[in-house]
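J.: Sequence:
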Amino acid sequence: MELGYIILAMSFVLAFAAVKLLQPVAEWAQLVDKPGGRKQHQGVIPLVGGLAIYASILLTTFLFIEQPIEIRLFLLAGGLIVFMGMVDDRYELSARFRLVGQFLISCIFVYALEVHFHSFGDLFGIGELNPGWLGYPLAVLSIMAAINAMNMMDGMDGLVGSIAMVSFIGLVALFGANGNTTFQYLCMTFIGSTGAFLIFNLWGARKPKRIGKIFMGDSGSMFMGLSLGVLLIYGSQGESAAFSPVTALWFVLLPITDMFTIMYRRVKRGRSPMAPDRTHIHHIILRAGFNAKQTLYIMLCVQGLFVVVGAALHVYKAPDWFSFLGAIALVVLYQLLMKRSWRFIRWSKRKMTAVSAG
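Here the sequence shown is numbered in my numbering, starting from 18 and rising by one per residue.
Just so you know, nobody snuck in bad clues.
For each label pair, taking beta carbons as the anchor points, the in silico distance ranges come out as:
id : residue 1 : residue 2 : range
1  : Glu-145   : Tyr-314   : 32 to 42 Å
2  : Val-332   : Glu-145   : 14 to 24 Å
3  : Gly-255   : Glu-83    : 11 to 21 Å
4  : Ala-194   : Ser-111   : 40 to 50 Å
5  : Gly-196   : Trp-338   : 24 to 34 Å
Computed list of lysine-lysine pairs in DSSO-like fashion (alpha-carbon distance at most 30 Å, straight line):
id : residue 1 : residue 2
6  : Lys-310   : Lys-37
7  : Lys-285   : Lys-356
8  : Lys-310   : Lys-51
9  : Lys-356   : Lys-310
10 : Lys-51    : Lys-37
Keep in mind the hints are simulated off the structure, nothing from the lab. All residues carry an ideal CB built from backbone N, CA and C; glycine is no exception.
Take these sequences, add in the hints, and give me the full structure.
T.: Written out as structure tokens, the structure is:
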């Protein structure tokens with residue numbers, strides 16, 4: 018495990034150094050985010066977080082982790098999606114172009130590495146569900162869903178990085194318990210590099226001269242989604258699976274549920290499901306009167322709860338159908354809460370006004 022701590026520290030240091038090197042270049046390359054419209058931040062912010070995270074993971078993996086074909090193709094496809102995200106950050110690619118790119122990159126894993134669904138487990142208590150040849154296209158769609166779920170959730174400081182970090186911490190524990198040190202160490206590189214990014218993202222505005230604020234950008238959020246999607250499928254399938262397929266669902270339950278809920282509401286209103294807006298769950302919590310820090314803590318607590326519950330149900334060998342039923346119950350509860358979100362906002366504001374007056 019000593020090597021794990023070295024990997025954690027090295028990925029942190031390399032990501033920190035990469036950000037400091039990339040910050041002066043960002044404005045020259047016009048890889049920056051400017052305020053306006055939905056973007057309510059102040060000043061021009063470099064969009065170099067995703068590139069710094071990827072560079073750190075690439076270097077740390079090259080130096081300390083074995084390089085089987087799975088790792089090499091993982092880094093190759095990760096580099097492709099980071100590059101596509103940077104182009105999107107710079108030129109604002111169309112949703113159709115992004116989806117085509119995500120599809121092709123996802124196919125690298127599914128068809129080149131055989132990362133697909135062999136089984137969904139016993140989700141309904143009637144026996145194991147084997148998708149057969151459908152396991153390939155369903156894996157592609159699942160990876161694309163993870164990419165877009167993380168990308169859509171990137172709407173406030175620290176949110177995507179923190180939620181991804183919680184999931185990677187859970188994966189470190191599950192891969193480690195299964196004896197898969199290669200992927201355990203790979204997840205540690207994500208934790209270390211994301212931790213360095215969060216320092217700049219969350220505290221950079223307070224000390225602009227010493228630290229300097231940065232954003233993750235589409236390159237970072239899509240890379241996080243791709244990595245989580247691939248690792249969750251890889252870890253939950255095959256004879257050497259580290260956890261069950263339903264456990265993987267718990268690790269992305271919050272961003273996936275938020276994405277599909279938002280997409281459904283957009284289509285219902287006659288809008289494109291990919292059209293950006295400010296109706297995500299963290300936006301609703303903010304409008305209810307909570308500040309950004311409180312909203313981030315609430316989202317982190319929910320994500321942490323989901324990961325801990327999912328992992329605990331796996332460790333204590335709960336039936337797949339029981340774990341799946343719990344996840345579905347939370348999705349239904351989420352839908353009910355979203356339908357009454359405006360009542361919650363009015364109630365919360367009245368409470369906060371009463372507390373302030375008192």
